[in-house]
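Visitor: Residue numbers (my numbering), protein chains in the order written: chain A, 1 to 279; chain B, 1001 to 1376; chain C, 2001 to 2293.
No lab work stands behind these hints, which were simulated from the structure alone. Just so it is clear, the structure is predicted and the values come from calculations on it, not from any experiment. There's no promise every hint is true.
[Stated by the list, open to error] No more than 35 Å apart at the CA atoms, straight line, and that leaves these computed lysine-lysine pairs for DSBU-like: (1) Lys2174/C x Lys1145/B; (2) Lys2085/C x Lys1145/B; (3) Lys1145/B x Lys2164/C; (4) Lys1181/B x Lys97/A; (5) Lys1005/B x Lys134/A; (6) Lys1271/B x Lys2085/C; (7) Lys117/A x Lys2174/C.
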Amino acid sequence: MSNILLFTEHLTMQFGGVVAVDDLNIKIPTGEITALIGPNGAGKTTAFNVITGGYQPTNGRVTFDGEVIAENCPRAKMKRIYNGSYKEPYTHTVVNKPDMITRLGMARTFQNIRLFKDLSVFENVLIAKHCHIKAGLLGATFRLNRAEEKEMAADAHDLLERVGLWESRNEKASSLPYGKQRRLEIARALATGPRLLLLDEPAAGMNPKETEELSQFIVEIKDSFALTIFLIEHHMNLVMDISDSIYVLDYGKTIAWGTPFEVQNNEAVIRAYLGVDEQ
Amino acid sequence: MNIKKRNTIYSLVAIALFLAFLYWLDANRLKQGMMISVLQKGAILALVAVAMNLLNGFTGLFSLGQAGFMSIGAYTTAILIIPVKSLDGVYYMNGVHPAIMSLRVMMAESPPFLQSLYPFIALLLGGIIAAVAALLVGLAVLRLKSDYLAIATLGLSEIVRAIFSSPQFDQITNGSYGLNKIPNFPSMLWGLIPSLVTPFIITGVCVAFIVLLINSSYGRAFKAIREDEIAAEAMGISLYKHKEMSFVISSFFSAIAGGMLAMYMRSIEAKTFSIMLTYDILLIVVIGGIGSITGSVVSAFLVTAAKEWWLRFFDRPLTLFGMEVPLFRTGFRMVIFSILLMIVVLIYRRGLFGTNEFSWDAVRRRLGRRGKEARS
Amino acid sequence: MSMSTILQHCLTGISLGGAYALIAIGYTLVYGILRLINFAHGEIFMMAGYFMIFSLASFPWPIAIVITVVVTTLMGVIIERVAYKPLREAPRMSIMISAIGVSFLLQNLSTYLFTAIPRGYPEIPFLKRIFRVGDVSASFVTILTPVLTIVLVMVLMGLINRTKTGMAMRAVSKDFETAKLMGININRIISVTFAIGSFLAAVGSILYFTDRMSVTPFSGTLPGLKCFVAAVFGGIGNIPGAVVGGFFIGIVETLLVALGYSTFSDAFTFLLLIVMLLVRPTGLFGEKTVEKV
Chain A
1 MSNILLFTEH LTMQFGGVVA VDDLNIKIPT GEITALIGPN GAGKTTAFNV
51 ITGGYQPTNG RVTFDGEVIA ENCPRAKMKR IYNGSYKEPY THTVVNKPDM
101 ITRLGMARTF QNIRLFKDLS VFENVLIAKH CHIKAGLLGA TFRLNRAEEK
151 EMAADAHDLL ERVGLWESRN EKASSLPYGK QRRLEIARAL ATGPRLLLLD
201 EPAAGMNPKE TEELSQFIVE IKDSFALTIF LIEHHMNLVM DISDSIYVLD
251 YGKTIAWGTP FEVQNNEAVI RAYLGVDEQ
Chain B
1001 MNIKKRNTIY SLVAIALFLA FLYWLDANRL KQGMMISVLQ KGAILALVAV
1051 AMNLLNGFTG LFSLGQAGFM SIGAYTTAIL IIPVKSLDGV YYMNGVHPAI
1101 MSLRVMMAES PPFLQSLYPF IALLLGGIIA AVAALLVGLA VLRLKSDYLA
1151 IATLGLSEIV RAIFSSPQFD QITNGSYGLN KIPNFPSMLW GLIPSLVTPF
1201 IITGVCVAFI VLLINSSYGR AFKAIREDEI AAEAMGISLY KHKEMSFVIS
1251 SFFSAIAGGM LAMYMRSIEA KTFSIMLTYD ILLIVVIGGI GSITGSVVSA
1301 FLVTAAKEWW LRFFDRPLTL FGMEVPLFRT GFRMVIFSIL LMIVVLIYRR
1351 GLFGTNEFSW DAVRRRLGRR GKEARS
Chain C
2001 MSMSTILQHC LTGISLGGAY ALIAIGYTLV YGILRLINFA HGEIFMMAGY
2051 FMIFSLASFP WPIAIVITVV VTTLMGVIIE RVAYKPLREA PRMSIMISAI
2101 GVSFLLQNLS TYLFTAIPRG YPEIPFLKRI FRVGDVSASF VTILTPVLTI
2151 VLVMVLMGLI NRTKTGMAMR AVSKDFETAK LMGININRII SVTFAIGSFL
2201 AAVGSILYFT DRMSVTPFSG TLPGLKCFVA AVFGGIGNIP GAVVGGFFIG
2251 IVETLLVALG YSTFSDAFTF LLLIVMLLVR PTGLFGEKTV EKV
């Protein structure tokens, strides 16, 4: 029975009249690949955004590695804001901005690639190392932290070699072909040194061959970087291939969860989503 | 290492040549008045332009508050360096505030060694006050979207101007009469560096700091914020903290430039620091290339030279072949400038340097190409 | 202060507010459609002042008014075509810098053409006729301004809500891309928007300068900024909001000047802006928008 790295309790996200995420209760075991699937608009990216601190949840709690990182209860009488400290359930509001959460060990990629377009491939990855910098602004400016800078550059070099982008390191991120841009996004997220990596539709726009390569790649990095992976995807081959467990969302509600086999044979899922098997 | 060493030698030689030129100018002060004043003003504007570029071009924060921070620096510096015996004359309407007078008297009684440092301390103090103001203001405005940030900082600049010219603060700022009898630049190192050269040293040191900052990890974080805030945040960069850093540093150096402007102009008033001044700086930054420090520096000198010197002839009636050319009269050169700015904004959008910086390699490549053509 | 003085100041304030409201509408319309703060709008207002001075020198006042309004409207449309249209796909900062550039150009052009010395604004006789009720006296233009403002706003709202063009304008301000896909002629709609804004600015300028002595090349800067604040106050993109904002700022400003704090009346407006942006950035009547990641 592995450790649960991240779990949500009754996580709800409501925008005005629209309930985008309804009572989400997921458990992401350490070292495994968990997938979140569902038709478009089911609330998957919104769930990602809440978990990574982009939105404050309307209700519920998110716990990462034993620490409550987001919590909200509309009925709370006291509203005090802590940064990641845990008290009794649902009586306080806990708010963490995305940068805090990244520094706690969670990194994400974006559905529509959000690279630093005008900066070089190398700079994109190097920037992701900034969040753990120990030197202050003046220290860094006067180059008092040469050793640290060297280390960051070496790490970035390693990562780029690993994803096969070292040759393109001086090219502008926007000039890379699509597939390489996706790899750069992942490399950049890895550079923040996460324990949990959230991938939002990493295979979007890829053909079957590229998707197959990506599957292998995800498993590789999971093993070499000791990651836990949380994945949103529409390419069913990839999902069924590498996931250890799957959650299925439809209109914000969880309609099924389990192993790939269980989910594939679940009636509700077939009705709502999978339809004809396209393999 | 060889290339680095060679480039460093080039830079040192260039700096030495420039300094030699400045010393020559100093020896020929009387005849080279125009050149000196243009270069000095260029240096001052170069510093503000670089400061503005740091904020707008590198961090992507569209702030139009430069004039406000410059005025903070200018007034602080002026109040601290106007000679004590002239103070009553300057504040002739309502008298100078007693606290200021006593502070100045105390300063005048300190040892001469300290006294020679006071102008620099005044500049620094102006910068620090502006930095604190920026820190506080930033708490409020940095959360705003770019369009709103522009107007908010513009408004703040106007509020500062209103405060400095209001009759209520007459005894400190001399209200709408402004401050005059401000002494010129001090010399440095007991006369080794003449007063003429001082602004260049100050600008040089400040710009060097900004260059170092830009090329550090924090500078990269600023650029990330400019490129994509949401992605930057997702990569662990605290938006608020870094925006504040950029804002505070930009304001600090803008204020130092403001202080230098006070020393250059010898008299200042709140009107000097109107929105038009911020627009002037913006013009320099845009023409030089948003995102290029070299661009801002070069553009500052070019624009200042053009405005104050070369294009003066647009403002005077011109007669060609006995006929008066119609358009040439006062104000024409500013129209030319405005059109130039629009051309850069609409057509040559990257400005002179785009986002490139100066490099000796680029210079060598340029010269090499020409040399090859000449030989073939 | 006596009641009649207060009333007097209120009347002046409402009149000033009416002029501000007309100008604020221009900002709010343009921002609603292009998400652009038209920094040059204040200068359009200022140029209208100069156009009037020169038309009245050669033509009788009815014709002069028509000329001023038509030329100003044309100028607004031309500025959009030349300075903003090419930058529609460019990053936001570029188009704002362009707007600042236009503002800069117009100010320098006016200084060059008309010199910085204030030019006397001519009197349109019937507008300056004084009416008296008890202790309170006002010129016709003071009374006309708020009335005309309300009328024009009602006509404008009718246009927006009941005509095809108005519907197209609303569509474009809600979703630029989709409106294009639905076959709306974006260029025409944008030109119409700028035309309306400049038209109202011209009218506002006539009403505003009639009560002032003179025009300088810098007469548009502060009113321009203040009217933008008015638009933000009411909710940027919201026309009735801009009108309310305009009146509010006009009245408060007049009262502050009456109380002796004239230097701070300008500062007040900017303080209001900062407070609004912090406390309620969508303004009094604005709508909240959420950015999708």
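Visitor: Now, for every hint given, state plainly whether the structure supports it.
Guide: Against the structure, the hints:
At most 35 Å may separate the alpha-carbon atoms for a hinted pair to count; Lys2174/C and Lys1145/B meet this at roughly 18 Å. Between Lys2085/C and Lys1145/B the alpha-carbon distance is near 22 Å, which keeps this suggested pair within the 35 Å criterion. Restraint check: the Cα-Cα separation between Lys1145/B and Lys2164/C comes to about 32 Å, which is no more than 35 Å; the hinted pair holds. At most 35 Å may separate the alpha-carbon atoms for a hinted pair to count; Lys1181/B and Lys97/A exceed this at roughly 52 Å.
Proposed proximity of Lys1005/B and Lys134/A is supported: the alpha carbons are some 30 Å apart, at most 35 Å. A hinted pair counts as satisfied when its Cα atoms are at most 35 Å apart, and Lys1271/B with Lys2085/C qualifies at roughly 34 Å. The straight-line distance between the Cα atoms of Lys117/A and Lys2174/C is roughly 28 Å, inside the 35 Å bound, and the hint therefore holds.
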